[in-house]
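Once you've looked at the hints, go ahead and assemble the two chains, each given alone in its own frame, into the complex.
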Amino acid sequence: MASAIPTLSKIGKSIRLNKHGCVNRPFYHIVVQKTRDNFDGPVIEQVGSYDAMPNSQNEKLVAVNFERVQYWIGQGAELSGPVAQLLGLSGFLPIHPTTVIQSWRNRREPPRERKLQPIKGVAPPLDNPKI
Amino acid sequence: MPRTAGVNSSALFVLYSYFIMFARSSNRIFNVINTSYIPSRGARAWVRKPLGSPMAKSKLFRIPPKKILPADEKAEIKRLYDNYFHHMKSLRQYFFEQSLKQAESGEVAQMKHKLEDEEHMKLMEENCLENEKTAKLREERLKVQAEKTRASVLASLIMKEEESRLHEIQIEAFLEQQKATPFIQTENIEKAIEEALANPFDPNFAIDLDGYVYRRRETSIGKIPEEARERMSSI
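Protein chains in written order, with the UniProt record's numbering: chain V, 1 to 131; chain B, 1 to 235.
Looking at chain B on its own, in the form it has when it is part of the complex (with noise of 0.2 Å):
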């Protein structure tokens, strides 16, 4: 068994190997995802070794040496750099700044402003001409509308005419009425209270269930003489 395995895995490495060599056709074994790498003749793509894969054993024990700038190449290297982004960033600006002129400026560009001015023109000449037909509408109900208004309130005002016409007669029937009553006046205030005196008057009455009617203290029927009996008729 041992044997066998050994064997497996120095085919492994050989296999490996070729893999390296021709990455373009190893997408299964490197688990590459992009399609893309599916093998073509000519240009081959440079795929990463494997994750996890020793270092090469002749590279083993190589300490690369370091390599170190002087202080001063260092400063220019970033001026150098920083005038770079900062010139890129202004070109950038610029370029955008410019492409936005294009497409106001281009012949595509002329013709849709053409269009959309042509367009609103006809809009708002569409919009003038609903303007008219609208006042002349409105004109026309206003005049209706100020006719009837006019009517109403002249009917209205007669109405009231009529009723304060009315009112006054009522008054003036009342003040009559009010005259005629005759009222206890200071002068026969004496004779009133005299005659008042000599005519007492008892509200008083009782009802039997008979129906007979029983005027002031007088409670019993034999008392009452026959033609002079009061009696309330059934419902």
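This is chain V alone, in the form it adopts within the complex (with noise of 0.2 Å):
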């Protein structure tokens, strides 16, 4: 279907998440890389962090300057899947078709024990001390 709107020249960037942290501690740096770069590779730009490790509150932290987001969208750089799921939950882009697929798939499971609760509106403090 012919579309009016054009499309961008692709750059070859992606905004992506690059792992940081250590063992058992993941962390991570949301970064435009060119999307032929690794990890290691050569970073263009940090656009935010994400901290995948729930904190006291039991909340995972993420820091994103939507400024230079919304600018590296508009270049043309690609968003990996991740990045695409956590703009989308924050409200900047439409919420990614992952996000609602799982969350229907989750929903339709018979209830499993986890480790943590899934958290439901205010997210109360936990009760264990080494999280």
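Hints are computed from structural coordinates only; laboratory data are not their basis.
Careful: at least some of the hints might be erroneous.
[Claimed, not checked] Straight-line alpha carbon distances no greater than 16 Å define the calculated EDC-like cross-link-like pairs of lysine to aspartate or glutamate that follow:
| id | chain 1 | residue 1 | chain 2 | residue 2 |
| --- | --- | --- | --- | --- |
| 1 | B | 101 | V | 67 |
| 2 | V | 19 | V | 45 |
| 3 | V | 19 | V | 37 |
| 4 | V | 19 | V | 40 |
| 5 | V | 34 | V | 78 |
| 6 | B | 89 | V | 78 |
In structure tokens form, the structure reads like this:
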């Protein structure tokens, strides 16, 4: 189907998560990189961070520089799946389909025991002092 | 020999499994070109199993069950993805336009515009001054040119008048001369004919090797008297 919206040229750059942190302690940088570079390689710009481990308030903290993300998306940078999901959840972009699909699959599955209880509403503080 | 070979291969296998675990220190083994795989403490890169390595023995006869999605779910997923990419496309375009607008409205851009405008005004003033200067020069030049042209036209006119006057004089002289020449008129044509018949004129002549000229039909030197002999002088 023909679209009235012109397609931006691909610039071979993507916004993605780079894994930092250490063993059993995931921490991600949201970075702009050339698509062919790996996470050791040069980073063009860091536009945010994502702490995948819940803190004492049972929160996973995400920091995003929306101005720069907007700029880079406007320039034609690709988004990796996780980053697209994070931005969708933050309300900056439309909700990513993966989020929706995962949510309905989770609802359909029989409840199983988890280390952490799923967060509903405002997250209560955790009982586990280690986390 | 075969025994040692077997030992070697088992040792290699051990090495191989070691390098699978510590993939970052194995760039030479796996021909990883990127030198950023140099071993370091901390995070280790995931490295692909080498090409041609066999399937794990424990997984050899495992047939993974095929995931079958119901048609309605598939259609729903497709719809979701289509919508998402459609939205993203227009958002991308919008962000691009925003970036353009920001580039225009930024402080640096405005400064640049202001500087450009000032430069333009300055250049225009300079251009005006230059134009005035050239206009003045042109006026002077044209004045001189006009004076010169007038003088040359006048001179040429005078010359032409003089020439026409001379020409008229010449024509008058020619006419006088023509009038003076005794042409044969119709009244006296009879007389002229008679005169011509009475005085026949023979233009023939000859010259001998000594330079003597023989007029008319006379070709013998003895018949011409001494004083009437005509001789061409040598050059």
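Query raised in the report: Out of the numbered hints, which ones does the structure contradict?
Result: none
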